[in-house]
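Visitor: So the protein lines, in turn, are chains S and R.
Here numbering that gives the first Met the number 0 is used: the first residue of the first sequence is 0, the next is one more, and so on.
Here numbering that gives the first Met the number 0 is used: the first residue of the second sequence is 0, the next is one more, and so on.
Take a look, some chain R residues computed to stay more than 10 Å from chain S by CB distance: (1) A53; (2) A54; (3) L82; (4) A90; (5) H144; (6) L149; (7) S151; (8) R156; (9) I162; (10) S264; (11) S284.
To give a feel for the contact side, a few chain S residues facing chain R, derived at Cβ under 7 Å: (12) D23; (13) V37; (14) I95; (15) L98; (16) I101; (17) Y102; (18) D122; (19) L131; (20) F135; (21) I275; (22) L276.
Calculated directly from the structure, the hints in this document are not laboratory data.
Virtual Cβ for every residue (Gly too), placed ideally from N, Cα, C.
Listed below are the residues making up each chain.
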Amino acid sequence: MMDPAAAARWQGNTLSDMRRRMVDRIATVLCWLATVLVLLMLFSILFVLVRNGIGGLRWATLVHVTAPPGQGGGLANAIVGSLIQTGLAVLIGAPIGLLAGIYLAEFTATDGRLTNLVRFVSDLLLSAPSILVGLFIYMVVVVPTGHFSGMAGALALSMLVVPVVVRTTEDMLRLVPLSMREAAIALGAPRWRVILLVCLRAARDGVTTGILLALARVSGETAPLLFTSLGNMNWSVSPAAPMASLPVTIYQYAGAAYDDWTALAWTGALLITAGILMINITVRLGLGRNRK
Amino acid sequence: MDRSATSPSTLTGGARGNGDTIFTTIVRCAAVLILLGLGGMVVVMAWGARGAFAAFGPGFVLGTAWNPVTQHFGAAAPVFGTLVTALLAIALAVPLAFGIAVWLTEIASARIAGVIGTLIQLLAAVPSIIFGMWGFAVLVPFMAHHVEPLASHTLGRVPGIGIMFRGAPYGTGFLTGGMILAVMVTPFISAVMRDVFLSIPAVLKESAYGLGMTRWEVVRRIILPWSRTSVVGGIMLGLGRALGETMAITFVIGNANHIGWSLFSPGNTIASLIALEFPESAMGSLKFSSLMAAGFLLMLISLGTLVCSRLLLRTGRAA
Chain S
0 MMDPAAAARW
10 QGNTLSDMRR
20 RMVDRIATVL
30 CWLATVLVLL
40 MLFSILFVLV
50 RNGIGGLRWA
60 TLVHVTAPPG
70 QGGGLANAIV
80 GSLIQTGLAV
90 LIGAPIGLLA
100 GIYLAEFTAT
110 DGRLTNLVRF
120 VSDLLLSAPS
130 ILVGLFIYMV
140 VVVPTGHFSG
150 MAGALALSML
160 VVPVVVRTTE
170 DMLRLVPLSM
180 REAAIALGAP
190 RWRVILLVCL
200 RAARDGVTTG
210 ILLALARVSG
220 ETAPLLFTSL
230 GNMNWSVSPA
240 APMASLPVTI
250 YQYAGAAYDD
260 WTALAWTGAL
270 LITAGILMIN
280 ITVRLGLGRN
290 RK
Chain R
0 MDRSATSPST
10 LTGGARGNGD
20 TIFTTIVRCA
30 AVLILLGLGG
40 MVVVMAWGAR
50 GAFAAFGPGF
60 VLGTAWNPVT
70 QHFGAAAPVF
80 GTLVTALLAI
90 ALAVPLAFGI
100 AVWLTEIASA
110 RIAGVIGTLI
120 QLLAAVPSII
130 FGMWGFAVLV
140 PFMAHHVEPL
150 ASHTLGRVPG
160 IGIMFRGAPY
170 GTGFLTGGMI
180 LAVMVTPFIS
190 AVMRDVFLSI
200 PAVLKESAYG
210 LGMTRWEVVR
220 RIILPWSRTS
230 VVGGIMLGLG
240 RALGETMAIT
250 FVIGNANHIG
260 WSLFSPGNTI
270 ASLIALEFPE
280 SAMGSLKFSS
290 LMAAGFLLML
300 ISLGTLVCSR
310 LLLRTGRAA
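Okay, chain S solo, but in the shape it has when bound:
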């Protein structure tokens, strides 16, 4: 049994215990406040997007191309341009990221030093300023070819796709149980078949997740497109010509002095955010299911 002094301490009767409890209470309240505050920011952003953007969400907005102010233009060329550029970016970036991810996951034992370096650099690219990627592609693609192009935009975006895919591919391949590899190797399969047909198939859901996340990540990127695909007021689906995209159109229209342009910018912002959040929520729900 406790002696009285210890019992008193246990019940928190001493002055220092009261102080400790107060500090604990205050810290708890502050943690709640931080969480609520940041959630409020998220809801405030979503609320403002819906309030300002929902009015322009009409069929006409989706099928008309951008027009001079006052002539009732839409966002069709920007939407299609965004789809083409992000699609191309994923087509270029995902295979590279996938192969590099395989390399990092499967060849660490033999190429330890190189895999460490590549992993490190890939992580750097994951958070490198995207505007610098735009400048880089401007110098190596736009300047030599002599003009802005949708392809240059897609290349810039693909540089942002690669590190995301690398990271998820490597993580997912590492989750594949060793016994599966051993079984395949014991059957006499060469290493490349083990990796491609057994490991990659087992990690398929996770790898798809990574590609979707990369798609979501680049579809909102504006800065790398400013100096690469530039934007286009007219309908253009040629990757060799300057191409419109939703983020760049939003950027150009948001600061404009014309009310219909600002309204279009908000509608575009609503569209793109809704799309990105939808992909993210789908992916996260899928991930949660797989983990169970």
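Take the given structure of chain S and dock chain R to it, following the hints.
Guide: Then chain R, alone, in the frame of chain S:
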């Protein structure tokens, strides 16, 4: 039978060996391509910047002029703006992220923490330009009408730090830029913190609670010392992100080439300077080269920060 006896040689030799060699070469090439990507960025930026560094020398970094008429360019103002906004962002984001991470790991029940954690991660998925528009439409008027007048009447009268809170309440400026960046990087920092907090062996926390520690004491004396390296790494990661942000900050920074004490005054960052002035600078001109040089500085600053961050996170993981 025969096969198993010779398996080591058949596995590494013949057609199988060829397939493996080809496959290894392909994946290794893809990996090397990533190295070339970053290396290419550094080299190309340095190449583009050579004109400016030749004309202004190392003084480019400290020069405060940005005058296309007289052809004088210096990066001091945008570098100043980049550092001030990013540091402000970190100062605001770290307490928020820490509070969220503690809430998610220690206070909320697992199920609720899962939902709220996902919501906070969704904030990280919102594109930067959306933050810019939101900042311009919501935060700037709020700052101009409520926060800044109040702050200059109260904090502005405090000797010493008062100088930071005086000036016309435009709404745009360093403080608003820092706040936008803070909202943007908080999810990244809190995600790192939450992951480290979760990786702490439960035994440590349980024994601390068993000794009668309050929750705050467990956080302060067990969790923080255990995870310090990774937490600092996460903060540096947030700093790296804040340094390079472009679209959000371009909307709210005010875009004036200005260095000053007041947090309310309009300024510039390297990224917003490039975004705004690059389209109207002729290829090969001194201004073009100066913008590339500014970009090169941004690359050095942000890559330096990110390298520190990754090294810290890696040591933290190994520990």
